[in-house]
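**Q** Assemble the complex: chain A is given as a structure, and chain B must be docked to it using the hints.
Number of protein chains: 2
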Amino acid sequence: MVTTIGIVGLGLMGGSLARRALETGIDVIAWNHDDSPYRAARDAGITCTNSVRELALARPQLVVLCNALHAMPEVLRALAPVLDRGATTLTDIGSVKAVVRRQVHEAGLADCYVGAHPMAGNEHSGFTASDPRLYDDALWAVTVDGSTTYRRFLDVAQFITRQLGDRLIVLDDIAHDRAAATISHMPHVVSTAMINLLCAQDNRNIAAALAAGSWRDMTRVALTDPARTRAMIEEDRENVEVLLRDMAARLEDVADALHVADERRVAAFFTQGDPFRAYVRASPPRGSSRAAVDTVDAVGGAQPTMHRLTLNTQPSAHTQPSAHMQPSLNTEASAQVPSWQTQLATSAERGEQIIRFLDDRTVEVLTRAVREPA
Amino acid sequence: MVTTIGIVGLGLMGGSLARRALETGIDVIAWNHDDSPYRAARDAGITCTNSVRELALARPQLVVLCNALHAMPEVLRALAPVLDRGATTLTDIGSVKAVVRRQVHEAGLADCYVGAHPMAGNEHSGFTASDPRLYDDALWAVTVDGSTTYRRFLDVAQFITRQLGDRLIVLDDIAHDRAAATISHMPHVVSTAMINLLCAQDNRNIAAALAAGSWRDMTRVALTDPARTRAMIEEDRENVEVLLRDMAARLEDVADALHVADERRVAAFFTQGDPFRAYVRASPPRGSSRAAVDTVDAVGGAQPTMHRLTLNTQPSAHTQPSAHMQPSLNTEASAQVPSWQTQLATSAERGEQIIRFLDDRTVEVLTRAVREPA
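If you read the protein sequences in the order shown, they are chains A and B.
Last residue of the first sequence: number 374 in this note's numbering, and the count goes up by one each step with no gaps.
Last residue of the second sequence: number 374 in this note's numbering, and the count goes up by one each step with no gaps.
Any given hint might turn out to be false.
Here's a subset of chain B near chain A, in silico, CB distances under 10 Å, partners left out [as the list claims (entries may be wrong)]:
hint, residue
1, V2
2, S125
3, G126
4, A129
5, L198
6, R204
7, L210
8, L223
9, R230
10, P275
11, V280
12, P284
13, G351
14, I355
Just the calculated beta-carbon pair ranges, DEER-fashion [stated by the list, open to error]:
hint, chain 1, residue 1, chain 2, residue 2, range
15, B, A227, A, D225, 47 to 53 Å
16, B, F357, A, R228, 44 to 50 Å
17, B, S125, A, T47, 50 to 56 Å
Don't read these hints as lab results, they were simulated from the structure.
Positions of the beta carbon are idealized from the N, C-alpha and C atoms, including for glycine.
Next up, chain A with everything else stripped away, as it sits in the complex (with noise of 0.2 Å):
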């Protein structure tokens, strides 16, 4: 159990995690780029650095970067001198993977790190906004690589299930990158593309008069500061890219289809999504208890929806991967037996969920999963 961690960077997401972490009874050591939050950092009971070094020495068993992407390698390096690897394991909560690892190998602190992206936040920003709630019933996804040590991604994971009472599915980067690229960063472009049509209209005095629901809530996230947005959509400018030529590509099928006035193609597209309506009916409403959650999946079906999983926690032969691979958790042919990473990344997959740990090697996990189209 994580009794001291180490917050570098007191914004909204980190001052929250900060101040969750409070609740729970552990200490918070942390350090923000200007001293602005500090003071009421410090009233709701956080210790503040004055460098990160400082924060690093302090030796907490956890330090999770909530810093701002852009200074990522300038914080990897202030901390890679002085970060005792044996005490401490570090973690992020970026909302992009591939390039923080890449920065993390850079800095030479692969061996402690494991990468989290919590699925929380609202539209606001800085500590005053700060929250403990906000990560009330979240899933984090979690990254690893076929390098990541059992125990490092233990002491996250569990921090997570038992400290923090949330979720989590196993990920490499690559689908982490890919599918948070589908539900986050191409809607943000979609959401600014929308109000950037608007603008461009001679009528947008009639039509921003008439919004109304529909259009707040698609619009929503393009209000939000669009140079974070854009910062986010160029650390992850492939997965991003494919997206928007998709969607583009099915804009036009739907414009040509009512163009020759095509009822049939019309009705199919409006149809396609079926599968996630399905999803979303079976979900327990949004912020309900874990409780809530549980009882659900008790009563959803024939089918039974909680299972174990027995992790293969050997380590595989990939130790020692070289700074700039990343091997796929899904091609280790000289395995014959999965590795944990394998186990859990097919496992997320399969829209399994972690809920909580039973021992040290055996997982409880939820499916909720979006049934293949038609």
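**A** Only chain B this time, still in chain A's reference frame:
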């Protein structure tokens, strides 16, 4: 002032309007295509009829068609032989206006018709979900053509402003349907394309697991009855087609800029919508009262944001249009002084909303404009 209103269709919108009217002391007589909501409606104080004919024969000052769009021709055919045009003004709340006016013309009811579309609603449906608060602070689009008499307009507009306490803008059908396509119909297609894209991916379970706020907001409208959405899009297919191609081009453009890592072009994309961001920042918070709206504007800045318009209520030269001709409100070559229709349509283009009538031909308007993009 309206003392008796007839409501055709007791779904979410019609039911909510009926209950709102009752609250303000108006007698409500209603018909629904089946009598399933009648028990609850009668308990609420609504007089329910066995036929559209019976409703018309009660001679309410206002009949509001709140039925489904596909039922419009049948309802109009039932009304035509019995509606007392001297006693009753006819309006509707359909989300597309050109097609409804055409159907009204075909039924021979154009002389007593004014179109309307309240910007209100939620994801629920049916009388059981109805709520008089649904119309709180709503903006209504009121649609007229060159043949609409000022008296008919006044019947609808004063009901909206004086009796419901809502705001309105005046448009022709073409301007309405184009703007509605921008802020509602096209976004519904975009949202649907996003869930289709997710379902088509191999990593659909991972993407669905990671989905958080931005995805939830942007796909909410894709989850509501896709058949209803499809009907709405098909009724406005020409405008939607143009906008979908516009959106597709914008997305391809960003994809191209990301492909060549053209940071300048990506940056420009993220600032194009700044006029809309400024517009939202200057708007009163959602759900704020009329008093709050007035206050925000009173403190809004140097420019006066409330002013008066005196309307030219003389009938224009075009009082006998043919059934299928809709004279544009902005091209009255013969008129020396713009007609009230033209005055109000250009007022809407400037971002003005009618707050109240000061007398029968003077309106007070509030300006809420999106500045022209740089």
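**Q** Determine which of the earlier numbered hints do not hold for this structure and return their numbers in increasing order.
**A** Violated hints: 1, 2, 3, 4, 12, 14 and 15; rest satisfied.
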